[in-house]
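From first to last, the protein sequence lines stand for chains A and B.
Going by my numbering, the first sequence opens with residue 1, and the numbers climb by one from there.
Going by my numbering, the second sequence opens with residue 884, and the numbers climb by one from there.
Treat the hints with caution; some may be incorrect.
[Said to hold, decoys possible] Some but not every residue of chain A turned toward chain B, in silico, with C-beta under 10 Å:
#: 1; residue: 485
#: 2; residue: 490
#: 3; residue: 598
#: 4; residue: 683
#: 5; residue: 859
[Unchecked claim] Here are the simulated EDC-like cross-link-like pairs (lysine to aspartate or glutamate), alpha carbons at most 16 Å apart as the crow flies:
#: 6; chain 1: A; residue 1: 52; chain 2: B; residue 2: 910
#: 7; chain 1: A; residue 1: 52; chain 2: B; residue 2: 1164
#: 8; chain 1: A; residue 1: 522; chain 2: B; residue 2: 1041
#: 9; chain 1: B; residue 1: 1165; chain 2: B; residue 2: 1144
[Said to hold, decoys possible] From chain B, some residues computed to sit far from chain A (all C-beta separations above 10 Å):
#: 10; residue: 907
#: 11; residue: 971
#: 12; residue: 1000
#: 13; residue: 1001
#: 14; residue: 1102
#: 15; residue: 1119
#: 16; residue: 1127
#: 17; residue: 1142
#: 18; residue: 1201
#: 19; residue: 1208
Simulated from the structure, these hints should not be mistaken for lab results.
This one's a predicted model, so the numbers in the text were calculated from it and none came from an experiment.
Using N, Cα and C, we set each Cβ at its ideal position, and we do this for glycine too.
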Amino acid sequence: MSGWRLAHGGLIDRSRPVFFTFDGRRLAGFSGDTVASALLANGVDVVARSIKLGRPRGIVAAGTEEPNALIAVEPGLALRRATEVELVDGLAVRSVSGRAPAPAIDETPSEHVWHHADVVVVGAGAAGLTAAQDAVAAGGRVVLLEGGHAAGPLPDGLVDAADFVFLPRTVAVGRFDSNMIVAHERRRGTPGANTAARDRLWHIRARDVVLATGAVERPLVFADNDRPGIMLAGSVGVYLQRYGVAAGRRAVVFTANDSAYVVARDLQAAGVDVVAIVDTRVRPGPTADAGGIEVLSGHVVAGTTGDEGLASVLIVPRDGDADRASPTVVEADLLAVSGGWDPALRLLAHTGARLRYQPSAGTYGVTEVPPRVRITGLAADVNGGVGAFSTLDPVWLVPAPDGSLDRHFVDLQRDATAADIRRAVDAGMRSPEHVKRFTTIGTGNDQGRTSGTNELGVLAALLGTTLEQLGPTTFRTPLVPIPMRVLGGPYRGELFDPVRTTPIHGSHVAAGALFENVGQWKRAWAYPREGESFDDAVLRECRAVREGVGIMDVSTLGKIDVQGPDAGAFVDRVYTNRFSTLKVGSSRYGLMLRADGMVFDDGTATRLADDHFHLTTTTGGAAAVLDWLEEWLQTEWPDLRVRLTSVTDEWAGVAIAGPKSRELLARLAPNLDVSAEAFPFMTVRNEYLSELPARIFRISFSGELSYEVYVKSWYGRALWDAIAAAGADLDVTPYGTEAMHVLRAEKGYVIVGQETDGTVTAADLGLDWMLSKRKWFIGLGALDRPHLTRPDRRQLVGLLPDDPDLHVPEGSALLPSGGLGTAGNVTSSYRSAALGRTFALGLLAGGRARIGSRVDAQVAGWRVPLDIVEPVLWDPQNERRDG
Amino acid sequence: MSGRRQPLDPHLVERLWRTPAPKPAYDVVVVGAGGHGLSTAYYLAKNHGITNVAVLERGWLGGGNMGRNTTVVRSNYLWDQSAAIYEFSLKLWESLEDELDFDVLLSQRGVVALAHSTHDVREIKRRVSANHANGIDAEWLEPAELKRFVPIINISPEVRYPVLGGSLQRRGGIARHDHVAWGYAHAADRMGVDIIQNCEVTDFLRDGDRITGVQTTRGPIAAGNVALAAAGHTSTLADRLGIRLPIQSHPLQALVSELIEPFLDTVIMSNTVHVYVSQADKGELVMGAGIDAFNSYAQRGSFLIIERMLAAAIELFPIFSQVRVLRTWAGIVDVCPDASPIIGPLPLGNLYVNTGWGTGGFKATPASGWVYAHTIATGQPHELNAPFQLDRFRSGALVDEHGAAGVAH
Ligand SMILES: Cc1cc2nc3c(=O)[nH]c(=O)nc-3n(C[C@H](O)[C@H](O)[C@H](O)COP(=O)(O)OP(=O)(O)OC[C@H]3O[C@@H](n4cnc5c(N)ncnc54)[C@H](O)[C@@H]3O)c2cc1C
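My request is simple: use the sequences and hints to build the entire structure.
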């Protein structure tokens, strides 16, 4: 080919040359060019080889509909379309044959923006500008989006309008329920833009949406319609008008509507030799002014010849006998085609509206527009079948003289032809969706803009049916391909999910703690000392609690404040055991079930006043428990006068555990009588502790004598440090979640989520004593179902390997005596300092009755025998805890 | 797989299925030509000699979840009952191309499930061990081993929820969903099954407590047995008979990228950060997320789910950052309270249901059809679907595959 730059015209700046490389070739263009316009201007006809057949392909279009000219932009090799990439100095691009090289990592953040508008206008062509002006005049917040890069200057009225936002280089990629428009703004190169956020993803909730989105031109399907030099007529016009580029020297125009006549005249005027206008219609339309160019009406292009690029065009009468007609052969290097235009209304289809074939308009469109949406401009004209762009009698398939369909390309990017559609039909396929999947037509990154309608037209022609009968079509977001990093937004690392730390966190860091993620929380896992292994640290921490005193940060426990006259009744319903009789100042361990009777969460409830309870939940369960309680309260028991408040973050808590904890507490709270009689197990006191107002619970999750002290969050670290200081001579030892897990397991205390998995009942855990027989509670109705009372349910047991040093991995299956399958699993497994050996807890079918016998665990493919024992291995009489 | 005929073979002109008009009566009417309906019809004909069968489809065959899923195939389920049926299914997959004489593009490239917390580690190791006990291949990989297996994964401890290891089922992988639907349709059609598209079942014909047929948009059709296989719409059909199924329908979304040169040759899933991904043979990345929390029958979800899924994906695979999303979509999945299916008779004579496969029924397509056909043909559940009866919601014998509640102290 044969493209060349005109001496004048276009919106490019001829005073500013720009240099770039294409597949290593150094080329020049001008500021204002796209890669595609510059390639055309340089006479580059072949821009890629096709993906399956390796055929030479050239530029077809000027916008997002371009199927062929895919490029990878160096250095990151991001895949783009040559028609969309603006030329900048030093740009280096490579051609891509349908499938991109793996792109490099790009960590540039993108921003997500939320916005509200009265009117969003999509498309800043003439109709869009008018719509925006009208909306601004009517008052209200207006946003105007333009996806291309050639929006002209804004009219005066808009430039400084208040409450008006113009977003150039911004494509609306989706329209969602209630008129939410999601749009991708490409900010690189925007003068004055903060390039740190190169991309923005806008989420605009609009009262009204105006679609001034124009129309997309369709090619025509004839033999050898894929040669470089065969282009959409409208795009040929765009290259001429906007970029001052003529796409060839000797042209034929092949059209089924009036719109291409203007292009033919403009080409002629620019100095291109326009040999003929081939019009499929016998009677061209009222606006078909050929300006003296020869018009072959009622004719079609039946084929082309050429080597790499187009050499000649074969023209025959449309209704002639294709076999016998001797075609007129016209030499040409440019064939500008216009098969018709489709209104760009895909945004409507994202939210359920279906585009149907409108026979009166010769295209897919809508007869009814969804509420609060308006279509204007070219999109409206084409949708309504009026104006020069309307093609009332489309030609879907031009037969080849030899009857073949093998080189009638329908989807250039996917290299799919009318012959592929024929094969689908021969296979029995009638649904366009089947044909699409069979042929892959329309699944390329041009989203089938130039192939979708033609596919259906060819299918209808082959089936001998009409497009109306093929039914509506659907389109999916996004409207154009959009990089994952733009959609993913800035939500990386700590922004991916909030990191929650306790007010005491700094002390743990200072003490060299390792942390584990528990839900969103960072919890101190263990505090290994210099040179100490994790396992040794845990053993040391456990020993400290069993023999001396340890402290643990328990601030992360979920805390729910329950207040109101019906608080007692409410708490009775949500826990399996009774709380309404609990005395003020006392606590009780409580269990919650799901409606199906399975254990849901556990914790304690403390009565602070007649109408006031303080509930704790598991760390990970806090939000789910509050949701659950609110759901019952709001949907089932709106009559209860109770209010729930999450106070998890209000309070910081420290557990002081171990035989020396009483002594330590006495030092810290000299006014408190800490004697066993005055401050018994499961009671609470309000007292000043080291001058901090505190709630002190006598409670234990380690099985030792233990307290949990809570202060307002902002005193948390002061509390921790005060306790540590007061206990220095007692060798007070911080312990982490791992030691806590070991200690509670020695004691046979379960962890919801570790010993339970949504299939475990209270009875399975040996907690049936917590199921009140005298009141209703959530889950009660499910408990007498036959399967929940079977003796062979999986029940909690202790498990001891013969070798006291063998650690059975958590999760190991417990095996039936023979055959495939499982009889249970190891839920917890640790080394115990107190027991001087390893031990485990597990759930085992019929486990309770099997205590005293043995079971095999499966460890790395081996059967490891274990003794089945009571789950409580430490202080079964609770003497240490209650003393 | 190689050398066998496949639909994209340019020489294929053999008809895959007929477009028959509905007959007035059939021995069995299957409602829904998704994977499960089609495989049921096939095994009715193949295993039980019942060929006077119609599969009624309101749209186009394979156009429901069958044509929308992300094609992950694996059998490494936790509970013995699930392991048995999914492993049976995987064995059927392994010979499906010969069985159907159709290329379903099964690629056993391995399926990895990632652990991001000590809780995940425990639960995933539990599953691996249970898989071994059920004779199912499973491995635990430490982060460094994972990195060798999937070089593009980010195992940095700086990630918000770092990768602490994962399970691998090497026999797991992906297949081409359309080909599976077409393969079953073709094979069933060859044996005389009528697949009738554009035929929506709108109501049932009944005689007292017995179902005698269906009412459709193309007229009444009498049936000896009616077998529902309508996935997300099963509950609305059962509603017509006053049967409330314990099913919630939710949107489940997925997406594909543009074509890229191959760089990911396994399937990676993470339940904790809600993303899973594979690269199909043509080169597109196929990704899915968790379900949308709301109930819906409209085949679209909320875009936020897509955005959050991609944030998670880029954390794990920074190399995805510039890859472009081409298309997103949603299917309507039918979720049971215990995340396991219901396959068996309903409390009306001659009526059967196969539903509740939720987010994971593609991999079950062969086994589901096999046991459903058995149940319909014999009136009795096959041993593999005996645990998956409706009455388990009354007896409490649930097969809860939701996994652990994700709670930890
Ligand atoms: C996004 C997504 C990703 C998924 N990923 C996976 C995965 O990776 N691995 C996996 O194993 N599973 C996956 N699944 C789940 C899997 O797709 C489904 O469990 C499975 O396809 C359901 O069975 P089906 O194929 O029979 O359903 P469908 O294909 O939905 O079949 C039901 C059919 O019934 C028809 N129908 C409904 N109502 C009527 C009526 N009244 N009359 C006539 N016909 C009717 C529908 O049109 C439909 O064709 C995924 C699902 C989705 C949505």
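Hints, verified against the model:
The interface hint given for residue 485/A holds, since its Cβ lies 4 Å from the closest Cβ of chain B, which is under the 10 Å cut-off. Satisfaction of the interface hint for residue 490/A is found here, the shortest Cβ-Cβ separation to chain B being roughly 9 Å, below the 10 Å cut-off. Checking residue 598/A against chain B by beta carbon gives a least distance of about 8 Å; that is within 10 Å, so the hint holds. Taking 10 Å as the C-beta cut-off, the interface hint given for residue 683/A is violated, the closest approach to chain B being about 22 Å.
Of the supplied interface hints, the one on residue 859/A holds, with its beta-carbon coming within about 8 Å of a beta-carbon of chain B, less than 10 Å. Distance check on the hinted pair: residue 52/A and residue 910/B sit about 46 Å apart at the alpha-carbon level, beyond 16 Å; violated. Between residue 52/A and residue 1164/B, the direct Cα distance comes to roughly 14 Å. Compliance with the 16 Å bound is thereby established for this hinted pair. Between residue 522/A and residue 1041/B the alpha-carbon distance is near 13 Å, which keeps this suggested pair within the 16 Å criterion.
A hinted pair counts as satisfied when its Cα atoms are at most 16 Å apart, and residue 1165/B with residue 1144/B qualifies at roughly 9 Å. Non-interface call for residue 907/B relative to chain A: holds, since the shortest CB-CB distance, roughly 23 Å, exceeds 10 Å. The claim that residue 971/B lies off the interface holds: its Cβ sits roughly 12 Å from the closest Cβ of chain A, which is beyond the 10 Å cut-off. In this structure residue 1000/B is not separated from chain A by more than 10 Å, as the shortest Cβ-Cβ distance comes to only about 5 Å.
Non-interface status of residue 1001/B relative to chain A is broken: a Cβ of that chain comes within 10 Å, the nearest being about 6 Å off. No Cβ of chain A approaches the Cβ of residue 1102/B within 10 Å, the least distance being about 20 Å, so the stated non-interface status holds. At roughly 18 Å, the least C-beta separation between residue 1119/B and chain A is larger than 10 Å, which holds for a residue marked as non-interface. Every Cβ of chain A is farther than 10 Å from the Cβ of residue 1127/B; the closest lies at roughly 15 Å, confirming the non-interface assignment.
Residue 1142/B, annotated as away from the interface, has a beta carbon of chain A within 10 Å; the closest lies near 4 Å. Not every beta carbon of chain A lies more than 10 Å from that of residue 1201/B, the smallest distance being close to 4 Å; the non-interface claim is violated. Residue-level check failed: residue 1208/B sits 5 Å from the nearest beta carbon of chain A, not beyond 10 Å.
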